[in-house]
Structure formats: structure tokens, C-alpha cells
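S.K.: The chain contents come next:
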Amino acid sequence: MIRKILLLTIIIILPVRTYALIEVDITRGNLDPLPLAVSPLSIDDKSKKSFEKIINIENIGSEISIIVENNLKTSGLFNPLSKDAFLQAPDIANLKPRFEDWSLIKAQALITGKVSYINEKLRVEFRLWDVLAAKEMMALAFTTVPSNWRRVGHIISDKIYERLTGEKGYFDTRIIYVAEEGPKTQRIKKLAIMDQDGFNNKFLTLGNELVLTPRFNPTSQMVTYLSYFRNLPRVYLLDIETGTQEVVGDFPGMTFAPRFSPNGKKIIMSFAKDGKSDIYTMDLENRVVERITNHPSIDTSPSYSPDGKYICFNSDRSGYQQIYVMKSDGSNLKRISFGKGLYGTPVWSPRGDLIAFTKLHKGKFYIGVMRVDGSGERLLTENFYQEAPSWSPNGRVLIFYRETKTNAKGEGFSAKLWSIDLTGYNERLVETPTDASDPSWSSLLSK
Amino acid sequence: MNRSIIISSALHLVLILITAMSLPFLSKKPINLPPIVSVELIQITKKTNIPFAPKAKKIIEKAKEKEKKLVSEQAPPKKVKKKKPDAIPLPDEITKKVEKIKEEKQNPEKIDNEVKQVSEFEKKELFDPSNIAALIDKSKTETSEKIKKSNKITQDQENNLENIGLSLSEEDALKAQIFGCWSIPLGLPYNENLLVRIKLQLDPDGSVTKSEILDHARMNKPGQAFYKVLAESALRAVKLCQPLRVPSSGYERWRELQLNFDAREMLEG
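Chains A and B supply the protein sequences, listed in that same order.
When we follow the working numbering, the leftmost residue of the first sequence carries the number 1, and every step to the right adds one.
When we follow the working numbering, the leftmost residue of the second sequence carries the number 1, and every step to the right adds one.
Hints in this document: simulated from the structure, not taken from any laboratory.
Source: prediction; values computed, not measured.
Virtual Cβ for every residue (Gly too), placed ideally from N, Cα, C.
Any given hint could be a false lead.
Partial selection, computed: residues in chain A whose CB lies under 10 Å from chain B [claimed, not checked]:
| # | residue |
| --- | --- |
| 1 | Leu21 |
| 2 | Asn70 |
| 3 | Thr74 |
| 4 | Gly76 |
| 5 | Leu77 |
| 6 | Glu100 |
| 7 | Asp101 |
| 8 | Ala109 |
| 9 | Ala133 |
| 10 | Asp421 |
Take these sequences, add in the hints, and give me the full structure.
M.R.: In C-alpha cells:
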């Protein structure tokens with residue numbers, strides 16, 4: 001018996017004495033973008049000539065790799081290394097890269113690939129390699145019509161982004177915005193759409209009527225926007241593929257600030273009458289209209305949470321414009337913004353964790369984010385005039401527009417699209433052929 | 001019934017004792033410490049271990065023999081101490097016998113003192129430089145033996161050092177190196193519990209012979225994409241940093257090393 005007790009005691013005491021393994025906590029690292037190498041996709045001469053004939057591009061392999069490189073670079077998370085430093089030819093690198101050569105130029109990841117022309121189709125294979133571990137991380141192949149080559153580049157970028165960051169990418173997306181031309185007093189505003197990287201720009205309206213606040217349907221290629229109909233602002237629907245458009249509902253006043261519900265089946269918007277405005281929804285299938293708020297103040301800019309259970313909006317019911325959250329039926333209304341200044345254009349992140357907003361304080365405009373309970377407010381960027389943030393589909397990047405000050409003669413005015421990621425460091429100008437405002441980011445085209 | 005209660009209470013007592021010994025920090029309130037001044041703990045054995053001359057060895061052996069003799073001289077009186085009355089004395093005799101025993105005890109003790117004095121005197125005579133070397137030598141052979149045995153759990157000093165881990169400056173050097181190699185995946189969410197523990201096996205020069213993710217099962221689970229990304233970045237950091245900046249001595253201490261990669265602090269700020 002005593003022996004047993006002794007044994008037990010020893011067994012209990014033993015682990016106390018065996019913590020000899022040294023532990024070192026690594027809580028810091030460098031926040032530099034990950035250095036990686038995007039080797040040009042290799043292509044054989046025959047395919048090269050075929051593509052040159054069809055889409056008039058000399059070397060489609062290197063063009064696709066440039067798309068991938070630019071996408072990864074603009075994300076701010078990766079640092080594609082200069083191709084001049086590459087030691088290995090694309091065709092050999094794709095088969096079996098010499099990892100020493102790539103780690104020599106400090107690349108931690110390598111992207112290789114091959115393009116070929118098979119049965120009048122474009123076939124792209126690509127591989128992602130972990131240079132330091134000397135192993136393949138991912139390999140995929142796509143086949144599509146040759147004219148789709150830019151999208152192939154975006155899809156490859158998304159796959160790489162997802163594999164290296166753990167979250168979905170946002171490169172195979174489009175942005176709809178209001179293209180502006182002419183002097184400030186006589187602006188011509190047209191709806192325009194482009195790829196997320198600024199290519200394939202296309203105007204959707206002629207510019208006869210003023211258009212504002214276009215918003216993408218999160219589930220399809222439909223857009224809702226505000227345009228003037230008999231000198232009254234009204235909410236419209238536009239199908240990008242077919243070009244058909246229609247007025248949403250027949251309201252006896254003006255409707256504005258439209259946005260789709262997360263499932264794309266409803267439109268939520270403001271309806272103004274008799275000096276006050278309230279929030280309404282309309283079911284697109286049966287056209288049933290529902291009133292959500294009823295208050296003598298101005299309630300506008302509604303935006304659904306991604307699960308559709310809540311709505312955030314801004315209201316001046318407290319005397320100043322602030323952000324409120326309520327359940328989707330209008331109950332449980334709660335103010336969430338309490339900082340100094342005015343808060344507007346709240347937009348719920350597709351990830352559900354944050355609400356982006358525009359803030360006006362002491363004559364400056366800020367784009368910021370806060371948690372859905374109003375805590376953790378962070379201002380990402382400050383400027384003379386900027387507003388209307390719109391989330392990338394993965395909830396990591398915001399696109400918004402910024403206007404510059406005009407001088408005494410009314411010159412020098414411009415409106416441009418800008419993007420910034422959640423860290424607040426990676427701010428970039430999004431190139432557009434004309435001035436631009438009111439951007440809205442689509443969901444991923446390929447799912 | 002009673003027996004099991006006794007066993008149970010004994011075991012509980014043992015448990016309480018262990019908790020009291022191993023978890024005292026829980027009861028203590030955090031103290032406002034002054035700024036840390038890093039102090040390096042250097043193992044001086046190598047530097048102080050002067051190789052001794054062969055002549056010294058003989059003297060040492062002689063000294064050892066003398067010590068043994070002294071011990072043997074001391075030994076007999078000690079035996080006297082253990083003498084105990086065999087039979088239970090009658091009440092009348094008790095006091096007498098106790099007195100006798102006391103007397104018997106007292107006498108040897110006196111002798112003992114004398115012996116001790118003598119021995120101390122002798123020691124003073126023996127106190128010469130070569131003898132120091134001898135003493136150090138003794139400690140050296142002991143430590144070397146202990147190093148060989150260090151896999152066994154003993155409570156000697158060498159092992160205590162092992163438990164202490166790396167000194168602050170050693171740890172700082174290693175941390176600073178890995179901080180530089182680790183490209184934190186910036187897209188990770190800051191609000192998720194993402195801690196990657198990697199166990200390394202190192203060569204004496206700091207190169208990694210084996211790196212193993214301790215929660216490896218989590219890597220390939222669906223919905224753990226962020227964990228996988230973090231784990232891969234941590235492995236890359238270790239690969240990139242090779243050879244690690246490890247202390248120049250005490251290989252046994254850091255032959256195995258665990259690195260805990262935690263990016264939360266960086267991602268929040």
C-alpha cells in the first residue's frame with residue numbers, strides 16, 4: 001500500500017520537475033510585404049503565334065503574369081520582386097524550380113506557370129511554390145476563351161491571395177462608379193463600370209440624366225442607383241448584362257440611397273416626404289413595400305449586415321447626424337457612434353465585424369471603421385473632402401472617392417477614386433479615364 | 001473505510017503541498033517592478049577550470065586519504081550515539097539509566113569536539129594552492145558527470161540552470177533574430193486565437209535539424225486557413241533564420257527549443 005502511495009506521489013511530482021524544454025515567445029515580426037517572385041508564364045512558339053493572331057498580344061504568358069504581379073502588389077501584402085533578378089528561365093522554373101536560385105534573391109514564394117493554345121481555347125496552368133520549404137503549395141489549371149485572358153490573371157491572383165493569406169481574394173471583381181466630366185457647375189455624370197484594376201472601362205448610361213450612388217447586387221450583376229425621372233430623384237435597377245433598366249416602386253416623393261439586401265432579393269432605401277425621410281424596403285419579387293423607421297428626423301444611408309438580421313443607417317434624431325443599428329424589422333434601435341463630429345454613410349463589412357463610415361469633424365473628412373457595437377473606432381484616412389466607402393468582397397479594402405479644393409476661379413476641381421486597406425497604410429489612387437465618384441465594389445465574379 | 005480515508009487525505013496533502021510549492025505565484029499580487037536591467041548569467045566553470053599539474057594529483061590523493069582517515073576517526077564515537085537501552089527499564093531504574101545514557105552520550109561528544117578541532121587544524125595545514133586546484137578538480141569531475149547524466153531528473157545545480165532556460169540576453173538575441181526573419185501575414189484577423197507552437201531540434205551551431213508544429217492536426221482542418229497561413233509563415237521564419245543565434249555554451253539546455261509564434265500584438269497595433 002505504502003509503495004503504491006509512494007509511486008503515485010512520484011508520478012504526481014515528476015511532471016513538475018520535467019519542464020526543461022525552453023520556450024521562447026515570438027510576438028513580433030516584420031510587417032513588410034511578403035517578397036515573392038512571379039515568373040512569366042512560359043509559352044511555346046506555336047501557341048504564341050496563335051494568340052497573337054486572335055487577341056493581338058505578343059506574349060500572353062508574360063502579360064498574365066504582369067496582371068498577377070500588379071494585383072498582388074496593390075494588395076499591400078506582397079512584394080513582387082523585379083524580374084531582372086530572376087536566374088531561372090520560365091519554362092524550366094515551371095517544371096522544377098531551383099529553390100536556391102530563388103531564395104538567393106530573397107523570394108519566399110514563387111509563382112510559375114504555362115500557357116498553351118488547345119482546341120481554340122486558352123489553357124493556363126500555374127503553380128505556387130514555397131521557396132524556403134522547397135515544396136509546391138498549390139497547382140491549378142484553367143481553360144477558357146482567349147478573350148477572357150485578363151480574368152484568368154485575376155482568378156490566379158485570387159487563388160494565390162487565398163492560399164497565402166487564408167482569406168478570399170478580391171481581384172476578379174468589378175467596380176461601378178459615376179464618371180464625371182465637364183466644369184463643376186455643368187457636370188455630366190454617367191454610370192461606368194471597370195475591372196477592379198481599372199481595365200475594361202465601359203460607360204453604361206449616356207449622361208443625359210444625372211446619376212448617383214450606384215450599388216452592386218451582392219449576388220448577381222444587377223445594379224441599383226439613383227437617377228432623375230421627371231425632375232425627381234428616383235431609385236432605378238439596371239441589369240448590366242442586358243442593359244435593361246426600370247424604376248423601383250411608384251412613390252409619391254423622392255427615393256434615394258438605395259442598397260441591396262445581402263441575398264439580393266430586396267432593396268433598402270430612403271423615402272423623403274414633407275421634410276422628413278424614413279427607411280423602406282421593397283421586395284423585388286412581389287414588389288411589397290415595407291416601412292422600417294418612422295421618426296420625424298432624417299433617416300438615410302441604410303445598409304444590411306451580411307446575415308440580413310440587422311440594419312445600420314445614419315439619422316439626425318439626436319440633433320446631429322450619427323450612426324444607428326437596429327434589427328431588420330426596425331426594433332431594438334441603438335445609437336453606436338458617440339465620437340465628436342458627424343457620422344454618415346455607414347456600410348456593413350461583408351465579413352460582418354466592422355462598419356465603415358465617413359466622419360466630418362472640424363472641417364475635415366475621415367474614412368473610418370468601427371466595430372458593430374460602436375467600439376474600436378479607427379480613422380483610416382483624413383482629407384479635405386472624401387466620402388462613400390464601399391467594401392471589397394473580402395472586407396479588407398475600402399474604395400471611396402476624394403474631391404480636391406477648387407481655387408477662387410473655380411478651377412482645379414477633381415474627383416478621384418482611392419482605395420485603402422484596413423491597416424490604413426496602403427492608400428492608392430485607382431486610375432479612371434475621367435473624374436469619378438460614388439464607387440461600389442462587386443462581389444467575386446467567379447465563385 | 002478508515003484506511004481509504006487515510007490514503008485519500010495523505011494524497012490530498014501531497015497534492016496541496018505540490019500546489020503550494022509549484023503555484024505560489026498565483027496567490028501573489030503583481031509587483032510593480034522597476035525597469036528590467038538585463039544581467040547575464042555566465043557559467044564560469046569553463047573559465048575557472050584551470051588544468052592542474054600531475055604533481056598536484058598525488059597531493060590531492062594524499063589529502064583525500066587523510067580526509068578518509070579523519071572520517072574513520074570520527075566514526076566510532078558516532079556509533080555510541082546510536083546506543084539505546086534494549087529493554088524497557090523499570091520505573092526505579094529509568095532516571096538512572098537515562099542519566100547513564102546521557103553520560104554515555106556526553107562523553108563521546110566531547111571527544112568528537114576534540115577530534116573536530118584536530119581535523120580543522122590539519123585542514124589548515126593542508127590549505128595550499130595545489131589543494132584548491134584539487135578541490136576545483138573534484139567539482140569539475142562532478143559536473144562533467146552530471147552533464148552526462150543530465151537526462152535524468154536530479155535536483156543539482158546544473159539541472160536548475162536548465163530549468164531557468166536562456167538568460168535574458170541570450171533570449172533577446174534569439175528573439176531579435178527571428179523578429180527580423182518573420183514576415184507576419186498581414187491579412188490575419190487580430191481577434192482570433194492564433195498561436196503557433198513549433199518545437200525545434202538544434203545542432204550546436206544553431207542549425208535546425210527538425211522543426212515540428214505542435215498542433216499539427218489543426219493545420220489541415222477546414223476553417224483553419226488562418227492558422228495554416230500563420231504556421232507556414234512561422235516555419236519560413238525558422239528556415240530563413242538558420243543558423244539560429246544560440247548561446248555559445250550549454251548546448252544541452254537548448255538542444256530542444258520551443259518557439260511560440262503569436263502575431264496578435266502586431267496585428268492589433
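S.K.: It remains to establish, for every hint, whether it holds in the given structure.
M.R.: Going through the hints against the structure:
1. Interface hint status for Leu21/A: upheld, as the beta-carbon distance to the closest one in chain B is roughly 5 Å, under 10 Å.
2. Contact between Asn70/A and chain B, as hinted, is not supported at the beta carbon level, the nearest pair being about 18 Å apart and thus beyond 10 Å.
3. At its closest, the beta carbon of Thr74/A sits 14 Å from a beta carbon of chain B; the interface hint therefore is violated under the 10 Å criterion.
4. Taking 10 Å as the C-beta cut-off, the interface hint given for Gly76/A holds, the closest approach to chain B being about 7 Å.
5. Interface restraint check: Leu77/A against chain B, minimum CB-CB distance 5 Å, threshold 10 Å, status holds.
6. Annotation: Glu100/A was flagged as interfacial toward chain B, and the flag is violated, the nearest CB pair being 13 Å apart, outside 10 Å.
7. The beta carbon of Asp101/A comes no nearer than 16 Å to any beta carbon in chain B, farther than 10 Å, and the hint placing it at the interface is violated.
8. Nearest Cβ of chain B to the Cβ of Ala109/A: about 9 Å, under the 10 Å cut. The hint holds.
9. Interface restraint check: Ala133/A against chain B, minimum CB-CB distance 6 Å, threshold 10 Å, status holds.
10. With 10 Å as the threshold, the beta carbon of Asp421/A comes within range of chain B, its nearest partner Cβ sitting at about 8 Å, so the hint holds.
Violated hints for the displayed structure, listed by number in ascending order: 2, 3, 6 and 7.
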